[in-house]
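**Q** Taken in sequence, the protein lines are chains W and L.
Add 5 to the 1-based position in the first sequence for my numbering, that's all there is to it.
Add 22 to the 1-based position in the second sequence for my numbering, that's all there is to it.
It is possible that part of the hints are untrue.
Claimed, not checked - Using 27 Å as the maximum straight-line C-alpha spacing, the simulated DSS-like pairs for lysine-lysine come out as follows: (1) K29/W to K125/L; (2) K29/W to K23/L; (3) K83/W to K64/L.
Hints in this document: simulated from the structure, not taken from any laboratory.
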Amino acid sequence: DAGVIQSPRHEVTEMGQEVTLRCKPISGHDYLFWYRQTMMRGLELLIYFNNNVPIDDSGMPEDRFSAKMPNASFSTLKIQPSEPRDSAVYFCASSPYRVSTDTQYFGPGTRLTVL
Amino acid sequence: KQEVTQIPAALSVPEGENLVLNCSFTDSAIYNLQWFRQDPGKGLTSLLLIQSSQREQTSGRLNASLDKSSGRSTLYIAASQPGDSATYLCAVSPAGTALIFGKGTTLSVSS
C-alpha cells in the first residue's frame, strides 16, 4: 500500500482565501484523523471519523474550519477564510483499530503558510 | 483534561551513548501509550505501543516502560547512532482511538 496520501504537500495562500487540504487513507482503515502541528502547541487533534462519520470535532478551532469524508477513500479539511494564525503543518492519519495493538499511520503532512 | 509533557525538549549525545527520554501524563486513565518518531519534513512513525495492562515493550535497541500509577513513561535507546537523530513524541490514548501528544524531544546524535 502507498500509505496515507496528502495533497498538496505545501500551500501558500493569502489571508482571506479558502484552503482545501486532501487526504486519502490506507485502504481498509475505518478511522481517519486530522491533526495540526505548530511549534507553540505541538500536535493537536482537530477531528476524527469512523466509517466516514465525524465522531469528535471538539478540536476544530472555530467555524472557519470544516472537514468532510464523503467516502472511505477521501477526506478534506477546509479553512474559509484563512488567517495567518492557521499557518501550521496539517497531518492526516488512518487506522484500522481492529485489535488493541493497532496504531495510527500518518501521512507526510501539508505545510500551510497564510500570508 | 489530559496533558502530556516531555522532558527534555532537546538532547544532544555522542554516538554510542545510552539515553532515556521522559514522558509524563496527568490522567492515569489511559488505554495505551505510544512512542512515535518524526523526521524533519516527514510524518510520524510508530515505534512502540504499550497497552495499559503492560509495563514495557521492546523493539531492537528501543525499550519503553509505562508506570500508570505515577503517570510516567520512558523510552530507552541503547547504543545511540546518528540515524537515531529525530524528534520523539509520546502520546496517550484515553479511549483507544484519538491520541493526545506531548511536544516531543528532539534528539541529536553526533558521530
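**Q** Hint by hint, say whether it matches the structure.
**A** Status of the hints after comparison with the structure:
1. K29/W to K125/L: holds (26 Å)
2. K29/W to K23/L: Violated, at roughly 31 Å.
3. K83/W to K64/L: holds (22 Å)
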